[in-house]
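Peer 1: Go by the hints and put chain Y onto chain C.
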Amino acid sequence: MTTANERWDLRLYTAGQSPKSLAALSNLKRICDEHLAGRYSIEVIDLMKNPRLAKDDEIVAIPTLVRKLPAPLRKVIGDLSNEERALVGLQLRPHK
Amino acid sequence: MKATQNPLPETDGDLAKMRKVMEESADVCRAIASGEVDAFVVGDDNSRRVLLLATAYQRYRQLVERMAQGAVTVTGQGNILYANQKFADMLGIPLAQLYTAPLEAYVGMGDRAQLSSFLIMSARNSQIELALSRRDGTTLPVRLALATYSDGYATLLATDLRPMQWPSLTVDALDSIRDSLEKLNQGAISKDAAARAALDRISEEINGLARMIDEMLDVGGRAGRA
Numbered sequence: 001m002t003t004a005n006e007r008w009d010l011r012l013y014t015a016g017q018s019p020k021s022l023a024a025l026s027n028l029k030r031i032c033d034e035h036l037a038g039r040y041s042i043e044v045i046d047l048m049k050n051p052r053l054a055k056d057d058e059i060v061a062i063p064t065l066v067r068k069l070p071a072p073l074r075k076v077i078g079d080l081s082n083e084e085r086a087l088v089g090l091q092l093r094p095h096k
Numbered sequence: 097m098k099a100t101q102n103p104l105p106e107t108d109g110d111l112a113k114m115r116k117v118m119e120e121s122a123d124v125c126r127a128i129a130s131g132e133v134d135a136f137v138v139g140d141d142n143s144r145r146v147l148l149l150a151t152a153y154q155r156y157r158q159l160v161e162r163m164a165q166g167a168v169t170v171t172g173q174g175n176i177l178y179a180n181q182k183f184a185d186m187l188g189i190p191l192a193q194l195y196t197a198p199l200e201a202y203v204g205m206g207d208r209a210q211l212s213s214f215l216i217m218s219a220r221n222s223q224i225e226l227a228l229s230r231r232d233g234t235t236l237p238v239r240l241a242l243a244t245y246s247d248g249y250a251t252l253l254a255t256d257l258r259p260m261q262w263p264s265l266t267v268d269a270l271d272s273i274r275d276s277l278e279k280l281n282q283g284a285i286s287k288d289a290a291a292r293a294a295l296d297r298i299s300e301e302i303n304g305l306a307r308m309i310d311e312m313l314d315v316g317g318r319a320g321r322a
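Line by line, the protein sequences give chains C and Y.
Here this note's numbering is used: position 17 in the first sequence is 17, and no number is missing along the way.
Residues are numbered in this note's numbering as their position in the second sequence, beginning at 1, plus a constant of 96.
Extracted from the complex, chain C is given alone in its bound form:
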């Protein structure tokens, strides 16, 4: 699913410190540390501060995670509390 040296650029769209946004960030860090240790970067974009940035990735619901790299672009919507779904969404695990 992913090669050992592949760089992962992730972007998490949040709504300030809303409970689901904080949960998504916590869950994302845990997933990345477990599956992508040392080869990922997370950019957090707070749409409460700048809602116009939602247009870039056509964000509708918050939190939403966008995988910028590796291509192709992927989106995972929600707080990532369902790890299995998050891994499948990021293509870190094959769809069953």
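Source of the hints: derived by calculation from the structure; they are not laboratory data.
These numbers come from a predicted model, not from an experiment.
Where hints are given, some of them may not hold.
Quick list of in silico lysine-lysine cross-link-like pairs, DSBU-like style, CA-CA up to 35 Å [stated by the list, open to error]:
(1) Lys116(Y) - Lys68(C)
(2) Lys116(Y) - Lys55(C)
(3) Lys182(Y) - Lys49(C)
(4) Lys29(C) - Lys182(Y)
(5) Lys116(Y) - Lys49(C)
(6) Lys49(C) - Lys113(Y)
(7) Lys49(C) - Lys29(C)
(8) Lys68(C) - Lys113(Y)
(9) Lys116(Y) - Lys29(C)
(10) Lys55(C) - Lys29(C)
(11) Lys29(C) - Lys113(Y)
(12) Lys49(C) - Lys68(C)
(13) Lys113(Y) - Lys55(C)
(14) Lys55(C) - Lys68(C)
(15) Lys68(C) - Lys29(C)
Cβ pair distances, simulated, as ranges [claimed, not checked]:
(16) Gln91(C) - Ser121(Y): 18 to 26 Å
(17) Leu69(C) - Ala164(Y): 41 to 49 Å
(18) Asn5(C) - Ala227(Y): 36 to 44 Å
(19) Gly204(Y) - Asn50(C): 19 to 27 Å
(20) Pro198(Y) - Val44(C): 25 to 33 Å
To spell it out: a stretch of chain C is covered by chain Y in this simulated footprint if at least three of its residues, at any positions, have a beta carbon under 8 Å from a beta carbon of chain Y; those stretches are [said to hold, decoys possible]:
(21) 23–37
(22) 53–63
(23) 67–75
Ideal Cβ positions, reconstructed from N, Cα and C, are used throughout, including at glycine.
Peer 2: For chain Y alone, kept in the frame of chain C given last:
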């Protein structure tokens, strides 16, 4: 006849785009139905804004923000999911730095095992006392009490265990007021009988307050020595 604005997809590329849009829409619906999102982006390009879902949890959060105690919610792995400003102040650390950090990083080395056990056994143990490690290198003794535990998340309340500082400040303030009243008594106001009577009443009330604080301090001192 006018041409349609949204022609039916003709190529595989069009179909692939439509499939992606459909999948994303279905994913948004699933996330809403399962309660995994709490905000939406509404409006067009010129008036885009974020709409937060109003929930009881938000009102709870507002209450927690106004509390005099530190509050911190940790995940099952012991990472900070949420903390209030008071807890950040206790540590002397900007609030934003606390999110997702392990709570044990802010606890003295000697207390980490105790904290770990407490978090694991938090359903049964109600509180522990330990020292928080502040950014300036000092420690702060606190009592951590379990407020809620649900879905693997524990919310803890931290109470500062240092002796209260306010009584001495209050005594200083009362002394200062007494000095001011004394000066007024000796000045022009001393010639006005009604003003003098009013000043005497104020002085009596201040002396009463001072005695009450002295007694409280004495009780506190005895309790601390006991």
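Peer 1: Next, verify each hint and record whether it holds.
Peer 2: Results for each hint:
| no. | hint | result |
| --- | --- | --- |
| 1 | Lys116(Y) - Lys68(C) | holds (16 Å) |
| 2 | Lys116(Y) - Lys55(C) | holds (17 Å) |
| 3 | Lys182(Y) - Lys49(C) | holds (23 Å) |
| 4 | Lys29(C) - Lys182(Y) | holds (25 Å) |
| 5 | Lys116(Y) - Lys49(C) | holds (29 Å) |
| 6 | Lys49(C) - Lys113(Y) | holds (30 Å) |
| 7 | Lys49(C) - Lys29(C) | holds (22 Å) |
| 8 | Lys68(C) - Lys113(Y) | holds (18 Å) |
| 9 | Lys116(Y) - Lys29(C) | holds (27 Å) |
| 10 | Lys55(C) - Lys29(C) | holds (25 Å) |
| 11 | Lys29(C) - Lys113(Y) | holds (30 Å) |
| 12 | Lys49(C) - Lys68(C) | holds (21 Å) |
| 13 | Lys113(Y) - Lys55(C) | holds (18 Å) |
| 14 | Lys55(C) - Lys68(C) | holds (15 Å) |
| 15 | Lys68(C) - Lys29(C) | holds (16 Å) |
| 16 | Gln91(C) - Ser121(Y): 18 to 26 Å | holds (20 Å) |
| 17 | Leu69(C) - Ala164(Y): 41 to 49 Å | holds (46 Å) |
| 18 | Asn5(C) - Ala227(Y): 36 to 44 Å | holds (43 Å) |
| 19 | Gly204(Y) - Asn50(C): 19 to 27 Å | violated (39 Å) |
| 20 | Pro198(Y) - Val44(C): 25 to 33 Å | violated (19 Å) |
| 21 | 23–37 | holds (count 5) |
| 22 | 53–63 | holds (count 7) |
| 23 | 67–75 | violated (count 1) |
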